[in-house]
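J.: Chains as they are written, first to last, in full-length UniProt numbering: chain A, 1 to 355; chain B, 1 to 355.
Calculated from the structure, these hints are not laboratory results. None of the values given here were measured: they were computed from a predicted structure. There's no promise every hint is true.
To be verified - SDA-like, lysine to any residue: derived pairs with alpha carbons at most 20 Å apart:
#1 B/K101 <-> A/S294
#2 A/K101 <-> B/H184
#3 A/K43 <-> A/K18
#4 A/K170 <-> B/I153
#5 A/K43 <-> B/P57
#6 A/K230 <-> B/W47
#7 A/K178 <-> B/L211
#8 B/K170 <-> A/G151
#9 A/K170 <-> B/G151
#10 B/K43 <-> A/T227
#11 B/K230 <-> A/A226
#12 A/K230 <-> B/K18
#13 B/K230 <-> A/D10
#14 B/K18 <-> A/K178
#15 A/K78 <-> B/N125
#16 A/K101 <-> B/L211
#17 A/K78 <-> B/I153
#18 A/K291 <-> A/K263
#19 A/K170 <-> A/T227
#20 B/K18 <-> A/G151
#21 B/K78 <-> A/K78
#22 A/K170 <-> B/A226
#23 A/K170 <-> B/H184
#24 B/K43 <-> A/A158
#25 B/K101 <-> A/D61
#26 A/K18 <-> B/H150
#27 B/K101 <-> A/L211
#28 A/K101 <-> B/A155
#29 A/K101 <-> A/A158
#30 A/K43 <-> B/K13
#31 B/K13 <-> B/N125
#32 A/K263 <-> A/E297
#33 B/K13 <-> A/L211
#34 A/K18 <-> B/G151
#35 B/K336 <-> B/T352
#36 B/K12 <-> A/K230
Unchecked claim - Derived CB-CB ranges, DEER-like:
#37 A/A8 <-> B/L282: 37 to 47 Å
#38 A/N213 <-> B/D44: 16 to 26 Å
#39 A/N213 <-> B/K13: 39 to 49 Å
#40 A/D41 <-> B/K327: 27 to 37 Å
For every residue, glycine included, the Cβ atom is placed at its ideal position computed from N, Cα and C.
Listed here are the chains, written in short residue letters.
Protein chains: 2
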Amino acid sequence: MSENKTQAFDIKKAAESKIANVDFENLAFGNIFTDHMLYCDYKDGEWGTPVICPYAPIEMDPSSRVFHYGQAIFEGMKAYKDEQDDIWLFRPDENFIRFNKSATRLAMPEVPEEVFMEGLKQLINIDKEWVRKGKGNSLYLRPFMIATGHGVIAAPSAQYRFMIILSPAKSYYTGEVKVLIAEHFSRAANGGIGAAKAAGNYSAQFYPTRLANQQGYQQVIWTDDATHTKLEEAGTMNVFFRINDTLYTAPTSERILDGVTRKSIIDLAKREGINVEVRSVLVDELLAAAKDGSLKEMFGAGTAAVVNPIVGFSYQDTYYELPKQDKPLSLEIKDKLTNIQYKLAEDTFGWTVKI
Amino acid sequence: MSENKTQAFDIKKAAESKIANVDFENLAFGNIFTDHMLYCDYKDGEWGTPVICPYAPIEMDPSSRVFHYGQAIFEGMKAYKDEQDDIWLFRPDENFIRFNKSATRLAMPEVPEEVFMEGLKQLINIDKEWVRKGKGNSLYLRPFMIATGHGVIAAPSAQYRFMIILSPAKSYYTGEVKVLIAEHFSRAANGGIGAAKAAGNYSAQFYPTRLANQQGYQQVIWTDDATHTKLEEAGTMNVFFRINDTLYTAPTSERILDGVTRKSIIDLAKREGINVEVRSVLVDELLAAAKDGSLKEMFGAGTAAVVNPIVGFSYQDTYYELPKQDKPLSLEIKDKLTNIQYKLAEDTFGWTVKI
C-alpha cells in the first residue's frame, strides 16, 4: 500500500470496536460486519472523495433509482491471513475488471481503480483484527454500487454510491447438496445481464430455488432459457462435471458469469495434468453419463464456498445419485486452491496479492 | 373509503406543505413528490401497522438485500381529478393483483389488499391538493416493495418494506419517437421475470437503450431473446401495430408484462368495432407491411404516456418511416381512454374507482 495515497481518503474511525462481541467460531455467512465501511459518491459526472467511516445505516430517498429500476452491482471477494499475520487478496484485479464490466452493462459509471483497490486495502487494514488466521477463516469483502439518484423515471441514474462492507467468514459448508435441473425457469436471457454481477439476476433465482428447496433440493442447475438442454450454472455458482477423468464446464457467455474461482480451477486442473474441456454439457449427456457410470462428480465453484460438491441431481422427476469417490477430485482441487489462498502452497500463478 | 378502517393506519401529518413551491405547469416526470408517503414493514412473517408520514429519506443498512440481490417490485398508477373535484383511480384492482404476482415471482410476501388499496386512498386523500384538475394533469402513484433484511447471503430477505410515494404529473409527451428493433440485446428470458414489474428488468434495458439513443432512436423494440424474430415490447411499454385496419399486439407471456393500458386498449378497440388480434407479430411481417404500405401505425402503451405513437423504426441499419395519418387510430384510442379516466365520457366498463 502506497502511503502517499492515503490522504486522498477521508477516514473517520469508530470510537470503539464491536469485535469483542463476535463469536468467530460460530459465524453465519454474511451476517456480521466489521467496524468500518467505505463509501464514495458519484455525481455531476465525477467521483468524490472516498470515505471510510464507522459501519452504519445510510439515508436513502424513497425515490432512489436502485429501489425502482434495480441499478445495483456487486463483487464477492475474500481476504486471508497467513501464519505471519500478512493479509492476502486472491486475484483482486479480476474482480475489479468484472465490476466495471457489470457497471457498463447496467449503464452505471466505472469505478476508478484507486477507489476500488486502494479502498479495499485501506479498509481491510483498518479492520485487520477481523481477519482471523487458520484455514477456513477469511474476511468476506463486498464491494457494491447502487443508483442513488432521485426520481421514478425509468432511465439511468445520474448519481451513484460505491461501497465496501466486510464480513468475517468461516469455511462454508452447506451439507449434502442435491440439485434440481431447471426444466422451466431460467436465470438469464441471451442478450441479457446474466454475465453481470447484477442484483436483479439473484432475485430472479429465489422463487425457483425455493420451489426446489420444497422438493428437497438445495440448488437449481440452470439451463439455457431457449431449449433447457444445456447445463449452465449451479445456483449462484459456476458448475463443473467430471465424466471419467475429464472436467467439463460451460464456456462463459452472456448468460454465464465469468467466475474467478471457475477460471482458477481450470488453470489449476490443467497444471495438475487433469484434462479440462470448456464446452456446454447437454442434459442428455449428463443423463447418459449418470446411467453408464461415467459421471463421477459434479460441483459448484464460487468465492463463498470455493468448491461445493453435489451428491445427486433430479431431472424430470427422476433422481440420480452420484457414486461416492474415495478421493474426490473436487476436494483435491479445493485443497490445492485454498492452500494457495492461505499461502500454504507456492503460488506459481501469481494470483495472491499482499495488502 | 370506509371510515372504520382509518384507525388501522398511523398518520403523522407534515407541519407544512411544499405545494406552494411547485410549478405545476412545468413538471418533469417523476421528479417531485407530495408532502406525505406511506410505509409498512414486514417482519417475523407479518405486516405491521401502515404509517403515513411526511415524505423523507429512509434509513437502510448497507447490507440490505435490495442493494445486493435486487428484491424490488413496483407498480405505476395514476389518480385523476374530475370537474366536481372528485378523485378517481383507473382499474386499481389490476395493479394490486399484478403487484402480488410480482411479489410471488420475486419470493417476496404478498401485500394485504387493505394496506395497498386503503393505503393508496388514505394517502391520496391527505395529499389531494396535489391532484390537479384538467385533462393531462394527474397524480402518478408509485407503490413499491423492497427487501430490507440485513446480510449478504444470496437468499430471500426475511424483512420487507412496502411504500407508496406520489408525484404530480403533466401529460407525457416524448416528442417524435423512433425505435430500434433489438437484434442482439433482450429484456427477458423464458422462465425469467419479464412478466413481473421487477426493478431488475429495467436496469437491464438501460444500456441497450443508451446505445439506441446514441444512434438517434428513443426506444428499443424488444424481441424474443432466443430468435429475435418476434416483436414483444417497446421500451418499458407494451407495443401495438396497426396493419391495414387491424390492431395487433403480442400475447402476454413470461417475457411480456400484462399491461393495464394494453388490456384496456384491447377492450376499448373491440367496443369501437376495431379488429384486434392478440398474437406475436414477426419482424418479417413488420418489414413486409412497411414495404407494401399496409403498416399504418405503431405505438407503445403504458400508464405514464397512455399511448406513445412511433413515427418509424430501424432494423438491420435500414430506417422505415411510417406514413402520416390524418386521423391516427392511436390518438383516437388515447382520447377515448383518457376521457374515461378523467370522467369526461361514460365508463361503460366500470374501470374507474372513486376515492
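J.: Take a quick look at whether A/K18 and B/G151 sit within 20 Å of each other, Cα to Cα.
T.: Holds, at roughly 17 Å.
J.: Would the pair B/K101 and A/D61 pass a check requiring their Cα atoms to be no farther apart than 20 Å?
T.: violated, 26 Å
J.: Is it true that A/D41 and B/K327 lie within 27 to 37 Å of each other by Cβ?
T.: violated, 51 Å
J.: With the threshold set at 20 Å, check whether the alpha-carbon distance from B/K101 to A/S294 stays at or below it.
T.: violated, 43 Å
J.: Quick one, are B/K336 and B/T352 close enough, alpha carbons at most 20 Å?
T.: With Cα atoms ~14 Å apart, B/K336 and B/T352 stay inside 20 Å; holds.
J.: Does A/K178 lie within 20 Å of B/K18 when you go C-alpha to C-alpha?
T.: Not OK: B/K18 and A/K178 at ~57 Å, beyond 20 Å, violated.
J.: Under the criterion that the straight-line Cα-Cα distance not exceed 20 Å, is the pair A/K43, B/K13 satisfied?
T.: With a Cα-Cα distance of about 32 Å, the restraint between A/K43 and B/K13 is violated, given a limit of 20 Å.
J.: Do the alpha carbons of B/K12 and A/K230 lie within 20 Å of each other, as the hint requires?
T.: This hinted pair is violated, its Cα atoms lying about 55 Å apart.
J.: Need the status of pair B/K43, A/A158: alpha-carbon distance at most 20 Å?
T.: Violated, at roughly 33 Å.
J.: Take the C-alpha atoms of A/K170 and B/G151, compute the straight-line distance between them, and say whether it is at most 20 Å.
T.: With a Cα-Cα distance of about 15 Å, the restraint between A/K170 and B/G151 holds, given a limit of 20 Å.
J.: Check whether the Cα positions of B/K13 and B/N125 lie no farther apart than 20 Å.
T.: holds, 12 Å
J.: Taken at face value, is the distance from the CA of A/K263 to the CA of A/K291 at most 20 Å?
T.: Violated. A/K291 to A/K263 sits at ~29 Å, over the 20 Å cutoff.
Going through the hint list in order, the structure does not satisfy hints 1, 3, 6, 7, 10, 12, 13, 14, 15, 18, 19, 21, 22, 23, 24, 25, 28, 30, 33, 36, 37, 40.
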